[in-house]
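Starting from the given sequences, assemble the full structure and let the hints guide the process.
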Amino acid sequence: MEKCGLYLGCNIPFKAPDIEQSLRQVFPPLGVEVVDLPGASCCPAWGTAPSFDIDTWLALSARNIALAEKQGVDVMTGCNSCFGVLSEAKHVIDASAAKKDVVNEKLATIDSAYAGSSKIYHIGHILHEKIGTEKIKKNLRYSLDGLTAAVQPGCHLLWPTKSMEVTEENPFFPTMLSDLCGALGLRAPTYSNIEACCGMGAMRSTDQEKSFILAKEKLVRMKEELNPDMIVTTCSSCYLQLDGAQKIFRDRGEIDFEIPVFYYTQLLALCMGADPAEVACISDTPRAAIIAEIQSEQRRMK
Amino acid sequence: MPTVNLTQMNTHEIIQKVVEFGGDGVVKCIQCGACASICPVSHAGFPLFCKQLIRKVQTGYEEEILDDPSTWACVACNRCVEVCPRGVNPTEVIFAFRRIQANELAISTSSLMSQSNLYEKGHAVLSGESKKLRVKVGLPENPPTSVNDEKAQKEIQTLLDNSPMADLGIF
Amino acid sequence: MAKVGVYVCHCGSNIAGVVDVAAVREYAETLPDVVVSREYLFMCSDPGQELIRKDIKDGLVDRVVVAACTPRTHEPIFRKALESAGLNKYFFEMANIRDQDSWVHGDDHAGATRKAKQLVASAVAKAANLEALEDTYVDVTQAAMVVGGGVAGIFAALDLANMGHKVYLVEKEPSIGGVMAQLDKTFPTNDCSACILTPIMVEVGTHPNIEMLTYAEVEDVDGYIGNFKVKVRKKQTYVDWTKCTGCGACAEACPAKVPDSFNCGMNDRGAAYIHFPQAVPKKAVVDMKHCLNCAGHKIGQEPRISKKTGEPMLAPCEKACAADAINRSLPWNPEGELIEIEVGTVVLATGYRVMEKEHFKEYAPDSPNVLTALQMERLISATGPTGGKLLRPSDGKKPKVLDFISCVGSRDIRHHTYCSRVCCMYMIKQARLLMEKYPDLEIYMHFIDVRTPGKDFDEYYTHAAEMGIHFIKGKPGGIEMLPDDRLRVLGYDSAMGENIEVDADLVILATAIELPEDAQKLAQKFSMTMDGSGFFKELHPKLKPVDTPIEGVFLAGCCQGPKDIPDTVAQAKAAAASAAIPLAQKRVKIEPILSEVYPEKCSGCGICVPLCPYNAISLKPYADRPRAVIDMTQCKGCGVCASACPSGAIILHGYTDDQIYSQIAALTQSA
Ligand SMILES: Cc1cc2nc3c(=O)[nH]c(=O)nc-3n(C[C@H](O)[C@H](O)[C@H](O)COP(=O)(O)OP(=O)(O)OC[C@H]3O[C@@H](n4cnc5c(N)ncnc54)[C@H](O)[C@@H]3O)c2cc1C
Ligand code: SF4
Ligand code: SF4
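Residue numbers (our numbering), protein chains in the order written: chain A, 147 to 448; chain B, -14 to 156; chain C, 1192 to 1862.
Below are the DSS-like pairs computed for lysine-lysine, each with C-alpha atoms no more than 30 Å apart in a straight line: (1) 1827(C) to 1716(C); (2) 308(A) to 149(A); (3) 369(A) to 1552(C); (4) 41(B) to 356(A); (5) 1426(C) to 1363(C); (6) 1552(C) to 276(A); (7) 1716(C) to 1811(C); (8) 116(B) to 393(A); (9) 106(B) to 246(A); (10) 265(A) to 1552(C); (11) 393(A) to 117(B); (12) 139(B) to 149(A); (13) 1357(C) to 1425(C); (14) 2(B) to 308(A); (15) 1664(C) to 308(A); (16) 13(B) to 1733(C); (17) 1357(C) to 1434(C); (18) 245(A) to 136(B); (19) 1357(C) to 1426(C); (20) 245(A) to 139(B); (21) 1589(C) to 369(A); (22) 116(B) to 149(A); (23) 246(A) to 139(B); (24) 1426(C) to 1764(C); (25) 1664(C) to 13(B); (26) 1489(C) to 1499(C); (27) 1448(C) to 1489(C); (28) 41(B) to 308(A); (29) 121(B) to 149(A); (30) 136(B) to 216(A); (31) 149(A) to 106(B); (32) 136(B) to 265(A); (33) 369(A) to 1588(C); (34) 216(A) to 139(B); (35) 41(B) to 1664(C); (36) 393(A) to 121(B); (37) 1589(C) to 1664(C); (38) 106(B) to 216(A); (39) 245(A) to 106(B); (40) 1552(C) to 356(A).
These aren't lab readings, by the way, just hints derived from the structure by calculation. In this text, all values refer to a predicted model and were calculated from it rather than measured experimentally.
This is the structure:
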């Protein structure tokens, strides 16, 4: 079985551990052994070291990557931001021997070293490129035939292509997540602003109301263009925004619809028969009804 | 805004600084506007998005914009990097300016919180609820990260103590 | 003993601003063989040259060294001065103390002065060893070739033909016309492209001095100015052009479907087709790559006999042709025909292509409603895929909102850094034409900035703004595809400083002008060099704008760089005039800076033969064994053979071993 280092980041283990559970449950049956990276820290988030000092950022990222290197595995992240930070850091370090020396000098003070041997993947890439939709299909117990999803791949999964291990054929019109949804029987058509930012992360912490302009635009267009049964994302930040902000908009009377939001592996785990109490039980926008529908008897596959 | 007398602006100094902090593309920008048209920061209505920041720097602004929080709204989506026809890497210019701001401590208090979280536990984002939530889904109270790992925390503290960030007294 | 005169030029402040000219002059006086050393403000001026002429006439000097700029532009001038004073003009040597010294060492005056002294010492050492050489002359073949039959090639061919010269016009497509034939109307006067071009194409087709070779390509080039031998491949048309009347019946009958390149792939043509309605020559070809071999009638085979009727089963194209021009039973050679043509000069006018939209991922290339501007030309042309009706490709409905994006692939380091020069104007043209025809359209145009420097161009642009066309300063960064096949253009209005969006039915991309792929191959055949932008490079951007490093080969039109029709025609006429000069002179000079074999020393080993890049060397019997001989007319004086010959039997005149060694010695010992 192929091994891959699961890099958790912050949002998933602390705010959405049901996503962590789903990650831990879906990969082994699909042939990927999940290896923990004990002692891993924050990637570090864009608003921390990268906003203060380049070399400090690179050293902290390299320390995380080195944890995987030591075990001889590649890194997979569930959080788009972590994916972006780690990919970019690796790209910068690998491009310059001098940078690599600077980083390793810093790492030497903590008995660590960066070689550049581990690649950085997003879990979406592992699912789409390494496992593949065919294998996913073979492991399903429930089919989502007839349901429609609006997908949100998330910015850091699309750009900048120059520093990413795996890229979309056309990042402005992404298709990987739609393909992955298709494997579950789910219809996931594109929509006009599929590539747009949800406003989470730095923007939300800087000015929540401005960030909500983007989130609402996104939700409204999903609703108007697709009228989806659910939103599916591979970004934990997008997940938190589209789920949480949606409730705030409803509470304020700014929207009158309710679209349950799933992180892709949550949905995959449900389709593989996982217990919703473990893999999909924390959300602001209610999901019970759609989960019941998903795991209903008539959706069970023969 | 009163009229700006360009002859009284010191453009070289701030451009030099931005270049040193990693935004060397700032001099290549032709102000085409491509980045602005797709920038979430611009869409959300912040005044100092990529193109605008670059122009202000090219014009010699520094102190006038030092306290503007727009740069901190940049989500580093890097879409601007992908569409810029001149290889400016606008994200890098924004981050270079952020670094200038950060070194002058022109940052929000919530941001300061993230820095000390990072220093203490190795995580910028923490949640008081997390233990409860983790147990609820059947996971151990703590993830196998630095959050509960003193050796890892020490390592991170060593790296941060030996960085210019330590001089700012934010930990 | 040689009597060397040294003349140091100030070149205004170009040299004197950095190099201590007086010191260089004084130093030169101390060198062996130097009898006089002078300095002057501009040596190339008449009084400057007169200094040299006088010293020669006075018997003071018999070798001349000028320390100045580059021999590339100035050597001929000074050689002439020597000649007019009665001295062999090859007793001349130049030291380049400008381009190779003062210009590159502007911040080190002492160092630059020292280097100038060394360069002068080296030139003096060589000068003392120079030998007298004589020019030779060969006759010029009285014919020219023009490669490429776009508007550039058409005008170059016509001018040459009207001067009385025989012209071969080689065009790879079945018809001449190029991109201009695809255009609807043309800025800045909005005259119909076909109306102004067609009569001229016909003139070319009927000109007694022009032999058109269409559906043909250059395969190999040999020779030199005055005597080029060009192998041209006439591709197989599978249609007897002596019989074909251009009626188009075969094209109508042909069931094959091939994207019509003349209409930029917006509709299909048959495998049997006529290039376009006004084609010259108006002849059909069968594109065998896409032929379906209807009725099982393969080329070169007898048709099958129908069991029902007992008649031979012919393909539709054959049946349709009333002129009996298509006979598939004949043994047509798929390779066509290779012919060899001898000409004195050549004009390259192979034009350009526009970038396809697929390169621009952010601009929704998969949407059928995103078009390149050239596709738009076809869409509004009366001979285009919709007969000139403006229809949205996705559903054939009339569009209401159009959006133009400029600089797509131009001024963009991801593609081309240059400005394509014509896009601003043709976008405005298309918008104006559309607005005149459909006044209810809303048209938006995004520019980084509008560039309209030509004659009457800015007036053309400002009028468009007055017509109500919306000009927006700011490059869009993306396009979103809306559910109803419309496109949301994500823009930015620099003037307002605000983000804007346009929901458009059609988006038109002004994609960059670039050289087609096969241009590289053609360049190799003609030994052309490419400039930094990838176009054919002219010899000098200002002084030799249509010349190339290969004497006798000239450039015209967009193959040299993006330009509009007025500039293309002007350049074509300039190229024709330049190409006519050797034809008019009837003989060309061959400079004696060539390699020569001393047969007594040659061992006949043949090492040099394959090394010569110009195939100038062969082994010929001489006394007891074969020995190398160099064809003076083929040799370009590169010197590869001279440096490789193990017997030291080859000498490169003007660069003999003695001369080079004395230069090296002077360089290493001096200053
Ligand atoms: C959308 C658009 C609109 C335009 N509108 C205008 C306008 O309104 N007014 C204006 O002034 N200009 C306009 N232009 C510019 C105009 O098209 C060019 O200036 C002009 O076509 C250049 O002519 P050319 O002969 O150099 O090249 P081309 O027209 O490209 O002709 C080159 C010819 O050489 C042939 N060829 C290529 N390679 C070979 C080969 N290896 N062997 C043999 N033959 C070969 C080609 O088949 C072609 O026939 C426009 C351009 C575009 C893209
Ligand atoms: S896209 Fe690039 S060149 Fe254009 S304004 Fe933005 S940074 Fe400047
Ligand atoms: S045989 Fe003639 S009619 Fe049939 S596809 Fe070929 S060209 Fe067309």
